[in-house]
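**Student:** Residue-level listing of the chains:
2 protein chains.
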Amino acid sequence: MADALHNWAARIHAGDTRAVSRAISAIENGDGRAEGLLALLFPSTGRAFLIGVTGAAGTGKSTLVDRLAAHYRSKDQTVGILAVDPTSPFTGGAILGDRIRMQGHAADAGVFIRSMATRGLMGGLAQATADAALVLDAAGRQIVLIETVGVGQDEIDIARLADCTLVLVVPGLGDDVQNMKAGLLEAADIFVVNKGDREGADQVELQLQETAHLSAGTWQPAVVRTTATTGEGIAALAGAIEKFRAHLQSSGEQRERILAQWKRRLLSLLEQKLLQRAVEETGGERGLELLAREVADRKKNPYEAVRQLLSAERAGREG
Amino acid sequence: MADALHNWAARIHAGDTRAVSRAISAIENGDGRAEGLLALLFPSTGRAFLIGVTGAAGTGKSTLVDRLAAHYRSKDQTVGILAVDPTSPFTGGAILGDRIRMQGHAADAGVFIRSMATRGLMGGLAQATADAALVLDAAGRQIVLIETVGVGQDEIDIARLADCTLVLVVPGLGDDVQNMKAGLLEAADIFVVNKGDREGADQVELQLQETAHLSAGTWQPAVVRTTATTGEGIAALAGAIEKFRAHLQSSGEQRERILAQWKRRLLSLLEQKLLQRAVEETGGERGLELLAREVADRKKNPYEAVRQLLSAERAGREG
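Line by line, the protein sequences are chains Z and E. If you count by the working numbering, then the first sequence holds residues 333 to 651, one letter each, in order. If you count by the working numbering, then the second sequence holds residues 333 to 651, one letter each, in order.
If we strip away everything but chain Z, and leave its shape as in the complex, we get:
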């Protein structure tokens, strides 16, 4: 078992894409081996630069990510792409999207593309994505692009994992800057006005520049205009990313961000472990169900129920 894990880790360190892919599957499936594997990989991580790409549906994230990947490949950097797309029996979106997109880079071993479908996973999407990024990092990918569909809290959490977060906006999506989720605006290091050849792009750019001025941090988010379908503006975008990366390092902000990130991740891991332990030690699913019944029937209030769970957990601890 330990040998198999070491072997698996060694193949990932060597950049073996099948081993990488299996590791990400293990993370997605909550496979018990994932933790041991990640512990082995961990010492050789912390080298990749993580770029988050987010924005509403229809903003052209995938095309932009593909263009950025091609740009970095032309500079001889290795690239990993994680496309985080909560999938379901209704759509099967993740797998389909993968197949279509793989075609562009299929011949190029320098780009690894993987969709993440982790709905309902304990610890949540953000944690699984962070772990998958660690795997790509350990496999020697220098640039990891994390693409997220939608603009909910999950996506904001995922954006926070990245060293640099791009927020895409397009003109005329009925989803203008005023309507954007506030947390997303604040998460942006760089605003990308994609589909920049469309009518209304000037106005969106202006609005974003005004928003960027309101930023409280030491970095005022850059606003870059692109047309990902033609490749227009991609080099300028890569330039803005480079400039932000230099700022992160010179200002010492990179260290601060990384520490804040690890604090969040440790808390989230701790939460998951505590909950797991508590549910096990207090009668498991069945105990929880009985309590839920008493609460639904107003025989106990929720706080009494939780106090009961907590003291059962305490007793389990001491027994």
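By construction, these hints were calculated from the structure, which means they are not laboratory data. Warning: the hint list may mix true and false statements.
Claimed, not checked - Subject to a maximum C-alpha distance of 16 Å in a straight line, what follows is the list of computed EDC-like cross-link-like pairs (lysine to aspartate or glutamate): (1) Lys595(Z) - Asp629(E); (2) Lys595(Z) - Glu564(E); (3) Lys632(E) - Glu621(E).
What the hints assert, rightly or not - Short, incomplete list of chain E residues facing chain Z, as computed with Cβ under 8 Å: (4) Trp594; (5) Leu601; (6) Ala610; (7) Val638.
Cβ coordinates follow ideal geometry from the N, Cα and C atoms, glycine included.
Given chain Z's structure and the hints, the job is docking chain E onto it.
**Tutor:** Below, chain E without anything else, positioned relative to chain Z:
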């Protein structure tokens, strides 16, 4: 203190809107008194019917909610509205929206409108919203409308609180059914094609009917077309809600949903309390920060760090 809480609870039971409003503020602010107050209110809850209204920005949720409120008022039912809108220094959206909307119902004490702004609140938006709904329930509101902006995981969690969830879709928002967040489709009890006078409404309705056919449950989501601005279709929508409510009761599904809901809520409360306790007992923020530093420097892996936190917590428990 206990007297003040009893007095406060009595005023809420009497339907006093200022007391209700203060209670929701206490919940939003994580005020320590909220838990005691909710414990007092809890026995008289479980009577309101909760209707969740969700969909992307620009789908006309507020207008639809206002129309539904007016409809229920005309049937002599009391109504509470919770508009859940993660706000921020950038937009101040919640407060502004409140002011504008209060005007319509200001003279009618039968409608209580309140925006929830709970970003960053421990336990999250869904829990705070659920607690606020309990307050309205205890205050005798028969119908509680919960409106959520956006379509992220938070919103899906909030949708799950409701007894009946409406998902709004409008034609031509670049956000068609294929692009909709899968979890949201699954959360829908009723699909509302709002702005039903727009071009493309027929097509959206057809797509939603196909989606509804795929539903695995015993209830096939109804599809209702409305034009909230004119009130067109609102009575039909209320009829569909009534039909669903009857189905919930006759099928026994209501009980199942309520139990599943309480299981989720107890877990979420437990998680929150465990985490609070663990952080306190393991050196607080400072201890966490030191560990985050060791992880960032690759001196420990995250799993070792969490094991250390867990055993410190265990020692604290036993000491």
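**Student:** Measuring from the C-beta of Ala610(E) to each C-beta in chain Z, is the shortest one below 8 Å?
**Tutor:** With Cβ-Cβ at 6 Å, under 8 Å, it holds.
**Student:** Is Lys632(E) within 16 Å of Glu621(E), Cα to Cα?
**Tutor:** holds (13 Å)
**Student:** Quick check on the hint: Leu601(E) CB to chain Z CB, less than 8 Å?
**Tutor:** It holds, given that the least Cβ distance between Leu601(E) and chain Z is near 5 Å, below 8 Å.
**Student:** Hey, does the Trp594(E) contact hint survive, CB to chain Z under 8 Å?
**Tutor:** Result: holds, 4 Å to nearest chain Z Cβ.
**Student:** Is Lys595(Z) within 16 Å of Asp629(E), Cα to Cα?
**Tutor:** The given pair, whose Cα atoms are some 13 Å apart, holds under the 16 Å limit.
**Student:** Given the hint that Lys595(Z) pairs with Glu564(E), does the C-alpha gap stay at or below 16 Å?
**Tutor:** Outside the cut-off at roughly 51 Å; violated.
**Student:** Holds or violated: Val638(E) as interface residue toward chain Z, Cβ cutoff 8 Å?
**Tutor:** The hint holds - Val638(E) has a Cβ within 8 Å of chain Z, the shortest such distance being about 5 Å.
In terms of the numbered hints stated before, the structure departs from hint 2 and from no other.
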